[in-house]
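There are 2 protein chains.
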Amino acid sequence: MKVAILGYGNIGKAAEQAVLAAPDMELAGIYHHDDCLSCMAGNIDVMLVCTPTREVRTFAAVLASRGICTVDSFDIHGQIWSLREAMDAVCKTNKTVSILSAGWDPGTDSMVRALLQAMAPKGLTYTNFGPGRSMGHTVAAKAIPGVKNALSMTIPLGTGIHRRMVYIELEEGADFKTVEAALLADDYFAHDETHVIPVDSVDALNNVAHGVNLVRSGVSGATHNQRFEFNMEINNPALTGQVMVSCARAAVRMRDRGEFGAKTMIELRPIDLLPGTTEENVKALV
Amino acid sequence: MKVAILGYGNIGKAAEQAVLAAPDMELAGIYHHDDCLSCMAGNIDVMLVCTPTREVRTFAAVLASRGICTVDSFDIHGQIWSLREAMDAVCKTNKTVSILSAGWDPGTDSMVRALLQAMAPKGLTYTNFGPGRSMGHTVAAKAIPGVKNALSMTIPLGTGIHRRMVYIELEEGADFKTVEAALLADDYFAHDETHVIPVDSVDALNNVAHGVNLVRSGVSGATHNQRFEFNMEINNPALTGQVMVSCARAAVRMRDRGEFGAKTMIELRPIDLLPGTTEENVKALV
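Top to bottom, those sequences are chains A and B. The numbering of the first sequence is our numbering, which starts it at 11 and goes up by one. The numbering of the second sequence is our numbering, which starts it at 11 and goes up by one.
Hints are computed from structural coordinates only; laboratory data are not their basis. Be careful, since some hints might not be right.
The list treats identical chains as one, so a pair stands whether inside a single copy or across any two.
Pairs of lysine-lysine residues, derived as DSSO-like cross-links and limited to a Cα-Cα distance of at most 27 Å, are as follows [unchecked claim]:
#	residue 1	residue 2
1	Lys23	Lys132
2	Lys293	Lys132
3	Lys12	Lys23
Modelling step: build the complete structure from the supplied sequences, incorporating the hints.
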């Protein structure tokens with residue numbers, strides 16, 4: 011299958027490596043998100059939309075309207091359903107498939123949450139993130155007046171509660187106490203335990219490691235105290251890029267079977283993410 | 011949906027509890043596996059085949075030939091593909107769906123293995139079982155001459171290596187050393203570290219707790235050292251019965267969409283395992 015990439019930041023570069031490592035894929039082009047859209051209408055099966063998340067909706071809709079499958083890692087949880095509704099209509103009209111929010115959260119964590127819910131329908135699941143950089147909180151910290159550069163680390167405290175460790179490089183002449191007060195009052199930080207630490211170089215702290223500890227205790231049938239845990243310690247863009255590439259395979263397979271529409275990862279069959287035949291995968295994995 | 015149960019041992023009883031707890035199911039009958047098969051041809055959507063594993067093939071084929079969906083927890087890993095081939099043909103002819111090997115291993119562990127393979131395609135996955143009772147090894151131990159009752163516990167040592175702790179109640183007049191030697195020479199035990207312990211009452215040790223520690227270290231794209239771990243500590247028949255019931259829901263949905271055939275769990279969409287609408291589940295879990 012011919013796979014192209016739109017956007018060449020951390021995720022686009024990681025996706026490129028995953029396409030090159032896939033036994034059943036050909037890298038059919040890398041496009042920057044200011045390239046002309048008509049250049050992308052070539053002979054490709056699927057486009058990995060690796061643009062900033064707020065630009066996903068526009069690009070995905072245009073590509074799908076040309077019958078090209080798309081995969082994105084749209085990560086604004088509260089807007090996924092509306093994106094799915096809009097893309098589903100475009101995909102069905104144009105006989106193609108879009109896979110939305112293909113990353114690790116939303117994405118593979120969502121599949122694990124769905125599976126644990128099926129294994130123990132009553133109970134509580136907690137998704138604990140980190141330690142790792144929060145992109146949203148880092149952007150919010152950078153927007154505080156007097157901040158030259160920032161890094162917001164998410165530290166898991168259990169039961170879905172997180173500590174924010176915010177490392178900031180001040181602008182020349184900025185007052186640390188003033189910056190700290192403004193940051194602690196920001197809506198992104200006001201609800202969590204937050205520590206602000208001045209540093210000489212944020213760049214020296216840069217690390218794309220991340221982690222998850224996803225825990226469920228629940229009830230199977232009438233039996234309580236069924237306990238489940240999913241952990242990972244990963245390079246964040248490498249995993250996101252890989253998950254998008256595995257979803258590209260699923261998108262093309264679904265298109266080829268005539269299963270048109272927009273889907274999130276909990277709506278995918280795990281086997282469709284993998285190269286090889288059904289027989290090979292059933293024998294190796296079941 | 012109308013769900014019936016065939017076989018009323020540990021798994022059948024647990025499945026009954028899970029059906030009664032499901033908001034979208036009606037328990038449509040419990041059949042013993044020596045009941046007449048024609049009694050089971052009533053108005054049911056799906057039969058949970060909770061018979062001993064070696065009887066699954068016959069019952070599932072007869073039920074599918076009458077257009078009834080089936081779910082089983084067939085657990086002989088090396089024979090799953092041939093069961094799938096046989097059942098797939100029967101299901102397609104009779105426009106129904108069979109879900110095979112629906113339990114936790116094979117079953118939900120298989121889904122986790124497939125997902126981790128998609129997240130890090132190169133690498134090694136180790137499935138470590140226990141501590142918990144191994145049914146196969148317990149049956150093998152009970153078959154040794156001089157053994158009145160036995161319990162074989164599986165203890166995980168990591169990297170897929172297991173210790174066997176075998177508790178045996180001797181028959182009157184049997185010699186422990188002779189029994190121990192015969193057991194250690196049995197093919198079920200000869201390849202693992204095995205300890206044989208005489209006890210007064212095997213029944214006093216009875217506990218259906220089990221566990222899994224499934225570990226993968228692999229490569230996403232070109233990035234090594236991506237680490238994943240799935241753990242559970244569960245009541246074994248309760249989880250197996252619940253997974254079968256969740257798969258019953260998927261079977262009926264697939265039948266209603268015209269997706270006839272036999273499937274293993276890695277071929278199912280996680281969302282099909284859950285009650286509720288697509289919108290509800292996407293909003294809650296993605």
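Verification of the supplied hints:
1. With identical chains, the CA atoms of Lys23 and Lys132 are at most 27 Å apart between copies only, with a shortest distance of 19 Å across copies and 41 Å within one.
2. In this assembly of identical chains, Lys293 and Lys132 lie within 27 Å of each other by CA distance solely across copies; the values are 17 Å between and 32 Å within a copy.
3. For a Cα distance limit of 27 Å, the shortest separation of Lys12 from Lys23 inside one copy, 17 Å, qualifies, whereas the shortest one across copies, 50 Å, does not.
In this structure, none of the earlier numbered hints is contradicted; all agree with it.
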